[in-house]
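Chemist: This is what each chain is made of:
Protein chains: 2
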Amino acid sequence: MNARKTVNLKTLSETLGLSQTTVSRALNGFPEVAEKTRARVIEAAQRLNYRPSPSAASLATGKSRLIGHVVSLSEHIMINPHFADFIAGAGETYAQAGYDILLRLAPLEEQVRIYSNLAQDQRVDGVVVHGPQTSDSRIGILNSLGLPFVVHGRCDEEGSDYSWMDVNNRRAFHRAAKFLLDLGHRRIALVNGLEAMNFAHRRRQGYEIALEEAGIAVDPALLHSEDMVEPYGYRATREMMDLDDPPTAVLVASVLPALGVTRALSDLGLRPGDDVSIIAFDDCLSFLQSGYRGGGREIPYFTAMRSSIREAGKRVAQMLLDRIENPDAPLESELWEADFVIGQTTAPPRRR
Amino acid sequence: MNARKTVNLKTLSETLGLSQTTVSRALNGFPEVAEKTRARVIEAAQRLNYRPSPSAASLATGKSRLIGHVVSLSEHIMINPHFADFIAGAGETYAQAGYDILLRLAPLEEQVRIYSNLAQDQRVDGVVVHGPQTSDSRIGILNSLGLPFVVHGRCDEEGSDYSWMDVNNRRAFHRAAKFLLDLGHRRIALVNGLEAMNFAHRRRQGYEIALEEAGIAVDPALLHSEDMVEPYGYRATREMMDLDDPPTAVLVASVLPALGVTRALSDLGLRPGDDVSIIAFDDCLSFLQSGYRGGGREIPYFTAMRSSIREAGKRVAQMLLDRIENPDAPLESELWEADFVIGQTTAPPRRR
DNA sequence: GCAAAAATCCAAAGCGCTTTGAAAGGCTAC
DNA sequence: GTAGCCTTTCAAAGCGCTTTGGATTTTTGC
Numbered sequence: 000m001n002a003r004k005t006v007n008l009k010t011l012s013e014t015l016g017l018s019q020t021t022v023s024r025a026l027n028g029f030p031e032v033a034e035k036t037r038a039r040v041i042e043a044a045q046r047l048n049y050r051p052s053p054s055a056a057s058l059a060t061g062k063s064r065l066i067g068h069v070v071s072l073s074e075h076i077m078i079n080p081h082f083a084d085f086i087a088g089a090g091e092t093y094a095q096a097g098y099d100i101l102l103r104l105a106p107l108e109e110q111v112r113i114y115s116n117l118a119q120d121q122r123v124d125g126v127v128v129h130g131p132q133t134s135d136s137r138i139g140i141l142n143s144l145g146l147p148f149v150v151h152g153r154c155d156e157e158g159s160d161y162s163w164m165d166v167n168n169r170r171a172f173h174r175a176a177k178f179l180l181d182l183g184h185r186r187i188a189l190v191n192g193l194e195a196m197n198f199a200h201r202r203r204q205g206y207e208i209a210l211e212e213a214g215i216a217v218d219p220a221l222l223h224s225e226d227m228v229e230p231y232g233y234r235a236t237r238e239m240m241d242l243d244d245p246p247t248a249v250l251v252a253s254v255l256p257a258l259g260v261t262r263a264l265s266d267l268g269l270r271p272g273d274d275v276s277i278i279a280f281d282d283c284l285s286f287l288q289s290g291y292r293g294g295g296r297e298i299p300y301f302t303a304m305r306s307s308i309r310e311a312g313k314r315v316a317q318m319l320l321d322r323i324e325n326p327d328a329p330l331e332s333e334l335w336e337a338d339f340v341i342g343q344t345t346a347p348p349r350r351r
Numbered sequence: 000m001n002a003r004k005t006v007n008l009k010t011l012s013e014t015l016g017l018s019q020t021t022v023s024r025a026l027n028g029f030p031e032v033a034e035k036t037r038a039r040v041i042e043a044a045q046r047l048n049y050r051p052s053p054s055a056a057s058l059a060t061g062k063s064r065l066i067g068h069v070v071s072l073s074e075h076i077m078i079n080p081h082f083a084d085f086i087a088g089a090g091e092t093y094a095q096a097g098y099d100i101l102l103r104l105a106p107l108e109e110q111v112r113i114y115s116n117l118a119q120d121q122r123v124d125g126v127v128v129h130g131p132q133t134s135d136s137r138i139g140i141l142n143s144l145g146l147p148f149v150v151h152g153r154c155d156e157e158g159s160d161y162s163w164m165d166v167n168n169r170r171a172f173h174r175a176a177k178f179l180l181d182l183g184h185r186r187i188a189l190v191n192g193l194e195a196m197n198f199a200h201r202r203r204q205g206y207e208i209a210l211e212e213a214g215i216a217v218d219p220a221l222l223h224s225e226d227m228v229e230p231y232g233y234r235a236t237r238e239m240m241d242l243d244d245p246p247t248a249v250l251v252a253s254v255l256p257a258l259g260v261t262r263a264l265s266d267l268g269l270r271p272g273d274d275v276s277i278i279a280f281d282d283c284l285s286f287l288q289s290g291y292r293g294g295g296r297e298i299p300y301f302t303a304m305r306s307s308i309r310e311a312g313k314r315v316a317q318m319l320l321d322r323i324e325n326p327d328a329p330l331e332s333e334l335w336e337a338d339f340v341i342g343q344t345t346a347p348p349r350r351r
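Residue numbers (numbering that gives the first Met the number 0), protein chains in the order written: chain A, 0 to 351; chain B, 0 to 351.
The hints are simulated quantities; they were obtained by calculation from the structure and are not laboratory data.
One thing to keep in mind: the hints can contain errors.
Anything over 12 Å on all C-beta distances counts as not near chain B; from chain A, calculated [stated by the list, open to error]: (1) Lys35; (2) Glu108; (3) Ala213; (4) Val217; (5) Gln317; (6) Leu334.
With the Cβ distance kept under 10 Å, some of the chain A side facing chain B (calculated, not the full set) [unchecked claim]: (7) Thr5; (8) Asn79; (9) Ala87; (10) Arg103; (11) Asn116; (12) Asp120; (13) Gln132; (14) Ser224; (15) Met227; (16) Glu229; (17) Leu287; (18) Tyr300.
The beta carbon of each residue, even a glycine, is placed where N, CA and C say it ideally should be.
Hey, can you work out the whole structure from these sequences and the hints?
Modeler: Given below as structure tokens:
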């Protein structure tokens, strides 16, 4: 009825016959207000549908309750589809804590400037760094800006310390390669992500170490490094299967290009597993997932290294919120091991 | 050197020997300031790296330069992957105009409340409505809140008027079904999206009208309606191919389930096109795209109805920004026609 | 040359919140 | 009863911007 004008602290406190100070403190849980008063205040606030203005609060406190995610469109002018799942996880955590996501698209080379601006403007309370390169200038800048941040992944830069959460990509790929080697494969291809990205770099290391341990030389013709999309897997596979000595197994950086790999094989009349083995890194992308959540009865399609990127989003978000709450706490980092699941796409190599 | 404390309007105006008013107006392009003064002000602002505080500006003007996107996690607890591409388009438009995205995850049933809060808090200057249902309560609320918004899609609710941008889904599916009918198919399946969504509802209408025109009864056994993910296409296809009278062609709501359809066929030793025709709605998802941007030489894989969801994002964002600039302008709406492209997955039905 | 109009610029009042520093009220202890 | 100590509440000063309603200066018109 009388919700004509939106009620603010002033009118609320006048209604209650209290000062703005007391009302503000009552609502923000300060100890120096009598519980009885607090109850009165809270009741009135709810009844009058009072909500503090975020911009006013932000101006007064310097906190925006916004978390920055600056993402770059990758080569194909797209948002990395893995990002959607990451953000789904992170967003859930933020929502519970009363934070929102501020999303900005910007090419990598502008991100340093953007972080500076976001920090100076106090537009966000913290940021998540996506897709760290092997050596990444964003880290140093963020540290010097004093803006809380957590890196999803790592970079190998010495010196500056920072919070991060990563999957043990090197070990995962080492293990997968070893699995194929143990099956008897000798010609193993790596359809990797962009190796400027640190995660891809590490995956390659794992792969190479395994080959080395088996006394097998790395063949550049079996190495690919691109954005992890479906057509890439297709193209790479078609190329390699044309070689004189084609691979008998393929290690793929994501289920997305792995789909391309299977499509290529299918075009060639080959069957994954029987003819060519495939192991993919499975980020548990929700729109591709099959039989993972569903009780585990079904045999998954791909043999895979598996780690939910959505769970990673949750965890990174939580780490960041913790840092924001407590900026002086020691830096944290977490390394997750990927699961290894055996599906239908691996078998010993076919005899020639 | 003296960048100790961040420079604000006050210090900047003192440095210049001007009032805050003049400096503010000079920077915001008001006409009543001499061009010479304006130049001086702008120069000084840049030199001192002055940036107006967003929260202060927001408090003073009531504008946040934030666009709200409230998205619900769909049944599979995921962000719809189509959304990522939409936001990639929209984000580009926003970035150019100096807006950011405020992203919030929330189940559909909470969105009405959330919109009310966002409006009351003046946290966003406008919102994009995603995934409109056939009858959607969000529209009415937004209109009564006076918060500028544009709907991606439409709802069929009478009465309340609103801005929207949609693809002509009914016509696209009508045309695709007709194409299959003309090829001689009589058993055509529809692997649709969730029919609570208006777009899916309209697609089904197009499909049914085409069948009706051809004098063919709709067979419920050939109708599916679920979240558009890969395993869904797989499962639906496996089920239908087990029928006594299996379909000879499938109309699929997205390339994602279409991948599942091909996987199912491949498992059955059937080839898309030769054995079973497939037409998919292709949103030009960037991570699946093949040979679309690349000059058009290659024959696309799927025969498809095609409309870039990324371009839709761009357009919707622009429409929203226009509305925010000029809230009293007449409502706009746009209906896009999908392209129809012939790929490798359609052929006349195989003779029995 | 002078009144009127136009062009510039300014002081101060918000916007709605948090927080400092102090006052008032209520209680205990002697 | 009153000094002293919590407890509870408050007035007022920001936070950094925009904007209203003048004031001042310059230009224009005749």
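Chemist: Each of the hints needs a verdict: does it hold here or not?
Modeler: Against the structure, the hints come out as follows:
1. No beta-carbon of chain B is positioned within 12 Å of the beta-carbon of A:Lys35; the least distance is around 28 Å.
2. With a closest Cβ-Cβ approach of about 14 Å to chain B, A:Glu108 is found to remain outside the 12 Å limit, as its non-interface label requires.
3. The beta carbon of A:Ala213 sits about 32 Å from the closest Cβ of chain B, which is more than 12 Å, so the claim that it is off the interface holds.
4. With a least CB separation of 28 Å from chain B, A:Val217 remains clear of the 12 Å interface cut-off, as annotated.
5. With a least CB separation of 15 Å from chain B, A:Gln317 remains clear of the 12 Å interface cut-off, as annotated.
6. Chain B leaves A:Leu334 outside its interface by the beta-carbon criterion, the shortest separation being 25 Å against a cut-off of 12 Å.
7. Look at A:Thr5: its Cβ gets to within about 6 Å of chain B, closer than 10 Å, so that hint holds up.
8. For the restraint placing A:Asn79 at the interface with chain B, the shortest Cβ-Cβ distance is roughly 8 Å, inside the 10 Å limit, so the hint holds.
9. Here the hint on A:Ala87 is kept, as its CB sits about 4 Å from the closest CB of chain B, short of 10 Å.
10. Because the closest C-beta pair between A:Arg103 and chain B is about 5 Å apart, less than 10 Å, the hint holds.
11. The beta carbon of A:Asn116 is positioned within 10 Å of a beta carbon in chain B (closest approach about 7 Å), and the interface hint is therefore held.
12. Taken as an interface hint, A:Asp120 checks out: its beta carbon lies about 5 Å from the nearest beta carbon of chain B, inside 10 Å.
13. The restraint placing A:Gln132 at the interface with chain B is violated, with a minimum CB-CB distance near 21 Å, outside the 10 Å limit.
14. For A:Ser224, the shortest C-beta to C-beta distance to chain B is roughly 17 Å, which exceeds 10 Å, and the interface hint is violated.
15. Checking A:Met227 against chain B by beta carbon gives a least distance of about 8 Å; that is within 10 Å, so the hint holds.
16. For the restraint placing A:Glu229 at the interface with chain B, the shortest Cβ-Cβ distance is roughly 5 Å, inside the 10 Å limit, so the hint holds.
17. The interface hint given for A:Leu287 is met, as the beta carbon of that residue sits about 5 Å from the closest beta carbon of chain B, less than 10 Å.
18. Below 10 Å, beta-carbon pairs count as interface contacts, and A:Tyr300 has one with chain B at about 8 Å; its hint therefore holds.
Checked against the numbered hints above, the structure violates hints 13 and 14; every other hint is satisfied.
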